[in-house]
Amino acid sequence: MASLDPRLKTLNWKGRELADMMERRKVDILCVQETRWKSSKARSIGAGFKLFYYGVDSKRNGVGVVLKEEFVRNVLEVKRVSDRVMSLKLEIEGVMLNVVSGYAPQVGCELEEKERFWSELDEVMESIPTGERVVMGADFNGHVGEGNRGDEEVMGKFRF
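Quick note on numbering: the sequence shown equals residues 1 to 160 in the UniProt record's numbering.
Any given hint could turn out to be false.
[What the hints assert, rightly or not] Derived lysine to any residue pairs resembling SDA-like cross-links, with alpha carbons at most 20 Å apart:
hint, residue 1, residue 2
1, Lys59, Phe71
2, Lys50, Leu76
3, Lys89, Asn74
4, Lys68, Ala42
5, Lys68, Arg25
6, Lys114, Thr130
7, Lys68, Asp28
For the record, the hints were derived by calculation from the structure and aren't laboratory data.
Assemble the whole structure, with the sequences as input and the hints as a guide.
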């Protein structure tokens with residue numbers, strides 16, 4: 001399982017590049033953010049991988065989950081909540097696994113957009129039954145360093 005913000009421009013050639021990278025690194029499940037792909041689809045990207053994705057604007061946002069083809073038949077549910085949150089539910093060897101992909105708004109985005117993202121993510125997490133496993137790959141657009149000057153309302157006093 002891995003997560004990546006590849007800042008992809010086109011699905012055709014970058015999709016195959018993702019598949020090749022996953023094959024080389026032996027990654028079976030990959031969450032992708034900031035895909036910038038406008039659509040709600042599932043399609044093969046080559047090398048035995050399938051991409052489930054959602055986006056509403058080709059210039060910003062977009063999330064997806066790439067699975068090794070052998071796991072595609074195990075997909076029970078795909079929830080495309082928004083261009084910032086989606087999840088897949090799989091059953092693997094009797095274990096229910098929920099894969100959540102998220103892309104948080106950047107610091108400069110409106111407070112309403114930030115609150116909507118966290119509400120959507122919370123809704124997805126709350127909908128997962130107790131006892132089922134969860135893995136999340138997300139770009140939370142966090143900041144590293146000291147202080148929060150100018151960001152007190154959205155960040156509080158804690159940083160990494």
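**Report entry** Hint numbers contradicted by this structure
**Finding:** 1 and 6
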